[in-house]
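*Asks:* Letter by letter, the chains look like this.
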Amino acid sequence: MQKVLGEPLLFAQALSAALETLINQLLRYNMQGTRALRPLSGKTLTVQLTELNMPLSFTISHEKVHVTSSDEHYHCCIRTSVSTLLAFNKNQQLTDLIKNDQLDIQGDLKVAQRFAEIAQTLDIDWQSEIAKRIGDMPTYQLGRVGRSLREKINFARTQIQADASEWLVHEQRLLVTAGELAYFSRDVEQVTAKLHALQQRLDALNK
Amino acid sequence: MMSAHDQNPASHTERNDESTTHFGFQTVDKHEKESKVANVFHSVAQQYDIMNDLMSFGIHRLWKRFTIDASGVRPGNKVLDLAGGTGDLTAKFSQLVGREGKVILADINSSMLNVGRDKLRDKGLVQNIEYVQANAQYLPFEDNTFDVITIAFGLRNVTDKDMALRSMYRVLKPGGRLLVLEFSKPEHELVNKAYDFYSFNILPKMGEIVAKDGDSYQYLAESIRMHPDQETLKSMMEQAGFEQTSFKNLTGGVVALHKGYKF
Ligand SMILES: C[S@@+](CC[C@H](N)C(=O)[O-])C[C@H]1O[C@@H](n2cnc3c(N)ncnc32)[C@H](O)[C@@H]1O
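From first to last, the protein sequence lines are chains A and B.
Residue 25 in full-length UniProt numbering sits at position 25 of the first sequence; the count goes up by one each step and never skips.
Residue 117 in full-length UniProt numbering sits at position 117 of the second sequence; the count goes up by one each step and never skips.
Read the hints as simulated data drawn from the structure, not as lab findings.
All values reported here derive from a predicted model rather than from experimental measurement.
Any given hint could turn out to be false.
As the list claims (entries may be wrong) - Below 25 Å or equal to it, Euclidean Cα-Cα: the simulated SDA-like pairs (lysine to any residue) are:
| # | chain 1 | residue 1 | chain 2 | residue 2 |
| --- | --- | --- | --- | --- |
| 1 | B | Lys212 | B | Leu54 |
| 2 | A | Lys64 | B | Gly76 |
| 3 | B | Lys173 | B | Gln137 |
| 4 | B | Lys173 | A | Asp71 |
| 5 | B | Lys248 | A | Ala18 |
| 6 | B | Lys248 | A | Leu49 |
| 7 | A | Lys43 | A | His62 |
| 8 | B | Lys30 | B | Asn135 |
| 9 | A | Lys99 | A | Ser81 |
| 10 | B | Lys259 | A | Met54 |
| 11 | B | Lys173 | B | Tyr138 |
| 12 | B | Lys123 | A | Phe58 |
| 13 | B | Lys205 | B | Gly58 |
| 14 | B | Lys119 | A | Ala17 |
| 15 | B | Lys173 | A | His75 |
| 16 | A | Lys64 | B | Glu130 |
| 17 | B | Lys205 | B | Gln47 |
| 18 | B | Lys123 | B | Gln47 |
| 19 | B | Lys123 | A | Glu63 |
| 20 | A | Lys64 | B | Gly58 |
| 21 | B | Lys173 | A | Ile105 |
| 22 | B | Lys36 | B | Asn52 |
| 23 | B | Lys123 | A | Gln25 |
| 24 | B | Lys259 | A | His73 |
| 25 | B | Lys193 | B | Gly252 |
| 26 | B | Lys119 | A | His66 |
| 27 | A | Lys64 | B | Lys123 |
| 28 | A | Lys43 | B | Val126 |
| 29 | A | Lys64 | B | Gln127 |
| 30 | B | Lys212 | B | Phe197 |
| 31 | B | Lys123 | B | Ser110 |
| 32 | A | Lys43 | B | Gln127 |
| 33 | B | Lys248 | A | Phe58 |
| 34 | B | Lys259 | A | Glu72 |
| 35 | A | Lys43 | A | Leu97 |
| 36 | A | Lys43 | B | Arg74 |
| 37 | B | Lys173 | B | Lys248 |
| 38 | B | Lys123 | A | Tyr29 |
Could you build the full structure based on these sequences and the hints that come with them?
*Replies:* So, in C-alpha cells, the structure goes:
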C-alpha cells in the first residue's frame with residue numbers, strides 16, 4: 001500500500017490558503033490593487049521556491065488572486081529563493097536578479113514583470129506581513145495533523161525571517177544594525193553640540 | 001448501535017445480490033436506497049456547510065484544495081462537479097476556468113442544488129456555472145464532454161458505483177481526468193479506532209445538536225465504513241475503463257483522492 005503522503009502535501013494547501021487570504025485582503029485595502037489585476041486576468045505565474053519543496057501558482061481571475069500548489073499549467077514559471085523574492089520589491093530589477101543567477105525564468109517574462117509591478121505599486125511590506133500572519137493561522141491545530149503542520153509552519157517562518165533579514169542587512173544594506181544606529185546618533189549629537197557652540201559665538205559677535 | 005468492527009467492507013457485498021444494496025449498515029432494496037439517501041440530503045442541506053466545517057475541524061477545505069491542485073484545470077476547461085452539493089469545488093473551478101470555460105454542478109438532490117446555487121450567486125459567481133439535477137449513474141451529457149470530472153464525498157452515496165464510474169468515463173474527453181475524493185480506510189489501526197469512536201459517538205451527537213438530525217449523521221458515519229477501501233476503488237475505476245489510476249491518502253487515509261485518466 002502507498003505510503004502516507006497526505007500530511008506534507010496538505011501543508012502546501014494550508015500555505016496556499018493562507019497566502020490567498022492574505023494577498024486578497026491586502027489587495028482589497030488598496031483599491032488600486034484589484035484594478036491593477038485586470039490586465040493579468042486568466043494568467044498564471046508559478047513560483048518554485050528553493051526553501052519550500054512545492055510549487056505555488058498565482059492565477060488572476062475575477063479580480064482576485066487564486067493560489068494553488070500545482071505547476072501543471074502556467075504562463076510563466078520562476079525558480080528562486082524566498083529571500084530573493086521578499087527583498088525583490090525594494091529597488092531591484094528582475095533582469096538584475098537573472099543576471100546574478102538569483103532567479104530562473106521560463107515562459108512569458110512579461111507576465112512575471114506585470115506581477116512584480118503589481119507587488120511594487122502596492123507598496124506592501126511583504127516580508128513582515130507574511131511572517132506576521134503565517135504564524136497565527138487559526139484552524140488545523142487539533143491533534144497530530146495540526147501539530148506537525150504547526151511545526152512546519154514555524155520552521156518555514158523562521159526560515160523566511162532568517163533568510164530575509166540576513167539578505168537585507170548584509171547584502172543590500174537597507175537596514176542598519178543597533179551598533180550602527182548608536183554611532184549615528186552619537187555623530188548627530190556631536191554635530192548638534194557644535195552647531196549650538198557656533199550659534200553662541202555668532203550671537204556674541206553680533207552684539 | 002452497531003460497531004464498525006462488526007461489519008465487512010461493502011466492496012464485495014453490492015455484487016452479491018442483484019437487487020439489494022447498503023444504506024449505511026442496513027441492507028435495503030436498490031430503489032429504496034435512492035429515496036433514503038435523498039431524504040438524508042434534503043434534511044441536511046441547510047446545515048450542510050456548517051456541519052462540514054465542524055465535523056472535519058475545517059480540514060475538508062484542505063482536502064478540497066488538494067483536489068483542485070490535482071485537477072490540472074486551466075482557463076477554457078469544461079468541468080463537471082458531480083454530486084457537487086453546495087458547490088465548494090464549483091466555486092473555485094468557476095474562477096479558474098474563466099469566461100471561456102464552463103462548470104456544471106450536478107447533483108441528484110434539488111435541496112442541495114438550491115443551497116449551492118444561492119451560495120454561489122451570493123459570491124457573485126454566475127457567468128459560467130450551470131446547474132443540472134442528475135443521477136451519477138445516468139449522466140445526461142454527450143460522450144467526451146468534460147476535461148475534468150470531480151466527485152467529492154459523493155460516490156459512497158451512489159447506489160450502483162460501477163455504473164456511475166462507467167457513466168463518468170463516457171462523458172469524459174480523451175485526455176481528461178476523473179478525481180474521486182472520498183472517505184477511505186485509515187492506514188493505522190489506532191487512527192482507525194479513534195476515528196470509529198469519533199464517527200459513531202461524537203458525530204451523530206453533533207448532528208443531533210447542531211443540525212437537529214442525528215439519524216442522518218449516523219447514516220453518514222455508516223456509509224463511510226461501507227465504502228470500498230483504496231485498492232478496491234482503484235480497481236473499480238480500472239474496470240470502468242480508467243487508466244493510469246492512482247490514489248493519495250490524506251490525513252492518514254481518513255480520506256483518499258483517486259485519480260484516473262481516459263485516453
Ligand atoms: C456529502 S455531499 C457532498 C457535496 C459536495 N461535493 C462536497 O464535497 O461538499 C454528497 C452529495 O451527493 C449527492 N448524491 C447522492 N447520490 C447521488 C447520485 N446518485 N447522483 C448524484 N448525486 C448524488 C447528494 O445529494 C449530496 O449532495
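*Asks:* Sort out which numbered hints this structure fails and list those numbers smallest first.
*Replies:* Result: hint 21 breaks, nothing else.
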